[in-house]
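Protein chains in written order, with the working numbering: chain B, 58 to 379; chain Y, 90 to 342.
Since the hints were made in silico from the structure, they are not lab data.
From a predicted model like this one, the values you see are computed outputs, not experimental measurements.
A few of these clues could be false.
Below, a list of computed lysine-lysine pairs in the PhoX-like style, where the Cα atoms sit at most 25 Å apart [unchecked claim]: (1) Y:K230 with Y:K213; (2) Y:K232 with Y:K276; (3) B:K376 with Y:K197; (4) Y:K197 with B:K372; (5) B:K230 with Y:K197; (6) Y:K218 with Y:K258; (7) Y:K232 with B:K376; (8) B:K230 with Y:K232; (9) Y:K94 with Y:K258; (10) B:K372 with B:K313; (11) Y:K232 with B:K372; (12) Y:K230 with B:K376; (13) B:K376 with Y:K218; (14) B:K372 with Y:K213.
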Amino acid sequence: MHIAGLSSYIVSLIIMAGIYAVLSLGLNIQWGYTGLFNIGIAGFFCIGAYTSAMITTPMPSGIYAKYVHQLFGLNLPFVFGLLGAAIAAGIIAFLIGIPTLRLRDDYLAIATLGIAETIRLIFNNEQWLANGPRGLMGLPQPLHSLVSERNYNYIYIIIVIVIMAIIYLAIEKAIRSPWGRVLRAIREDEGSASMSGKDVFNFKMQSFVFGCMVMGVGGALYAHYTRSITPTVFTPLYGTFIVWIMLMAGGSGNNKGAILGAFVIWGVWVGTKFMTDFLPPYLQSRAPYFRFLIIGIILEFILIYRPQGMIGEEKSVSKLME
Amino acid sequence: MLEVKNVEKHFGGLKAVNGCTLSVQEGTITGLIGPNGAGKTTLFNIITGHLKPDRGEITFLGQRIDGLEPHQIFARKIYRTFQITREFAQMTVLENLMIMPYRQLGEKIWNTWFRSSAVRRQEKEILEKALDVLEFVELIKLKDEYAGALSGGQKKLLEVARSLMADPKLVLLDEPGAGINKTLMKKLVTKIEMLKDEKNITFLLIEHDMNLVMNLCNPVIVMSEGRKLAEGRPEKIKKNPEVLDAYLGGQYR
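Construct the complete structure from the given sequences, taking the supplied hints into account.
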C-alpha cells in the first residue's frame with residue numbers, strides 16, 4: 058500500500074473511532090456515572106444523524122421531489138445540524154424518561170432497546186419522513202471548498218477531534234463538580250441519595266437527556282462523514298452493543314477510558330477485517346461473524362479479568378478543590 | 090416538634106402502623122422501642138417520605154409533612170439513618186460528606202460551566218466543613234478511603250457525620266447501636282449527647298439494646314402492634330406492666 062493510501066486509511070479509522078468515542082462518552086454519563094442502563098444508543102444515534110441531515114440539506118425540488126421525500130429540508134450550515142441533532146435526541150430522551158426513569162433500572166433497559174428499534178423501523182417504513190430504506194444522500198460537509206475532495210478527510214478529522222474534545226471537557230467539568238457527585242451517589246444508592254435531599258428523578262433525567270444529546274451529536278458527525286445514511290446502519294449491533302463494549306473495555310466511570318476504549322475496540326474491529334482477508338475463500342463469507350466472535354471474546358476477558366476496564370474510575374472524582 | 094397523629098399504614102391485610110399517635114419534644118433524645126414487627130421502621134419510613142400513610146397526619150414545627158417526597162423532607166431539616174448503613178460505597182468518605190449540603194450551586198449543570206468560580210468558592214466552604222465534621226467523629230484519617238471499605242462501626246459514625254453536614258433539626262436513627270463494639274458504641278453515645286447539647290439537635294432513635302436506651306434516652310416511647318403503648322422516663326417504662334407483657338417477656342420483673 059502507498060504511504061498516502063495508508064495515511065488516509067488511518068485518518069478514516071481515527072474519524073470513525075472519534076465518532077464512536079462521542080457515543081461512548083454519552084453512554085458514560087448515563088451508565089458510568091449514573092447507572093442508567095441505556096441499551097438503545099442506536100436510536101439516539103439515528104435521530105441525531107437524520108435530524109442533522111434534514112437540517113443541512115435543501116428540500117428536494119424539481120425531478121428529485123418525485124423520488125426523494127423528506128419531512129423538511131432547511132439547507133442550514135453544519136453547526137445548526139449539530140445543534141438540531143442534540144436537541145432532537147434530547148427531546149426524545151426526555152419523553153422516554155418521563156415514564157421510565159421513575160421505575161427500576163431494568164425497565165429503562167427494555168424501553169430503550171424497544172424504542173431504538175422502533176425508531177429505526179419508522180425511518181425504514183415511513184417514506185415521507187426521510188425517504189424510507191433508500192435513506193438520504195448528498196449531505197453537505199463543512200469547509201468542503203478548502204481542499205480537494207480526495208483530501209477532505211484531513212479537515213474532517215480535525216472537526217471530529219475538536220468536537221470530541223469539547224464534549225470531553227464539558228462532561229469532565231460537570232462530573233468533577235457537585236452535579237457529578239450527585240449522579241454518582243444515585244448510582245451507588247438511589248434511596249440514600251433521595252434521603253440526602255437530592256431529587257433523584259430530576260437528576261436521572263438530566264443525566265439521561267445530556268447523554269442522549271451527546272449521542273445525537275455523534276449521529277450528526279457520522280452522517281456528515283459518510284454523506285449518506287440509511288436505516289440499516291442503526292442496528293443494535295453497530296449502534297448500541299459495540300459502544301457498550303468500548304465503554305466496558307476502556308473503563309466505565311472514566312471519560313478518558315470511554316475515549317480509549319472507542320479507539321482500541323474500533324482498531325481491533327478494523328484490524329480483524331484485514332485478518333479475515335487471509336481466510337480461505339469458503340470461510341470468507343462468514344468473516345463478519347468471526348469478527349463479532351473475537352470482539353465477544355475480548356469482552357468476556359475484560360469482564361472476567363479486568364472488570365474496571367483499561368483505566369477504571371478514579372478513587373476521588375470530585376476534584377474541584379485540588 | 091414532631092407530631093404523629095392517627096397514622097395508619099396497611100400492607101394488604103397487615104396493619105403495620107395502626108392508628109399511631111406520638112410526639113417528639115424539641116431538645117430530647119427520644120427512644121422508640123418495641124418488639125419486632127411493632128411498626129417502628131415503617132413509621133420511620135412514613136415520617137421520612139419513603140412510604141405514604143393511608144390515613145392520619147404528621148406535622149413538623151407546625152407544618153404538615155406527610156406525603157412529601159424524601160428530598161423534600163430533607164429540606165425541612167429532618168435526616169434519617171438506616172438500620173443497615175447506606176453509604177455511597179464507591180465514593181470516598183470525604184465525598185460522602187460533601188454531597189450532603191442542600192441545593193449546592195454546583196448541582197446545577199449550567200453553573201458548573203458558566204459560574205465555575207462561584208461553584209468553586211462554595212465547594213471550598215463545604216470542604217472545610219466536611220473536614221471539621223470528620224475531625225469531630227474521628228474519621229479524618231480515612232477521608233480518602235472508599236466509604237464501602239469502612240468497618241461496620243465506622244460506617245455508623247459516617248452516618249452521624251453525614252447527618253451533621255445537613256444541619257438537621259431532627260435526626261431519626263434506626264438502630265445506631267446494632268452490630269458495633271462497645272468502644273465504638275461509647276463514642277457514638279458521647280457524640281450524640283454532645284450534638285444534642287451543643288447543636289441543639291433532637292434525636293428519635295429506634296434501638297434494641299436496652300442498656301443504650303435506658304442510659305441515653307429520655308423519654309422512651311414503646312410501640313406495639315402498630316401503635317403507641319406507653320411513654321415515659323426510662324425507669325418508669327422499665328416497670329410498666331403492660332410494656333413488660335408486650336415486650337420484655339416478664340423476665341425483668
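Verification of the supplied hints:
no., hint, result
1, Y:K230 with Y:K213, "19 Å, holds"
2, Y:K232 with Y:K276, "19 Å, holds"
3, B:K376 with Y:K197, "17 Å, holds"
4, Y:K197 with B:K372, "23 Å, holds"
5, B:K230 with Y:K197, "12 Å, holds"
6, Y:K218 with Y:K258, "17 Å, holds"
7, Y:K232 with B:K376, "14 Å, holds"
8, B:K230 with Y:K232, "23 Å, holds"
9, Y:K94 with Y:K258, "20 Å, holds"
10, B:K372 with B:K313, "14 Å, holds"
11, Y:K232 with B:K372, "12 Å, holds"
12, Y:K230 with B:K376, "19 Å, holds"
13, B:K376 with Y:K218, "16 Å, holds"
14, B:K372 with Y:K213, "19 Å, holds"
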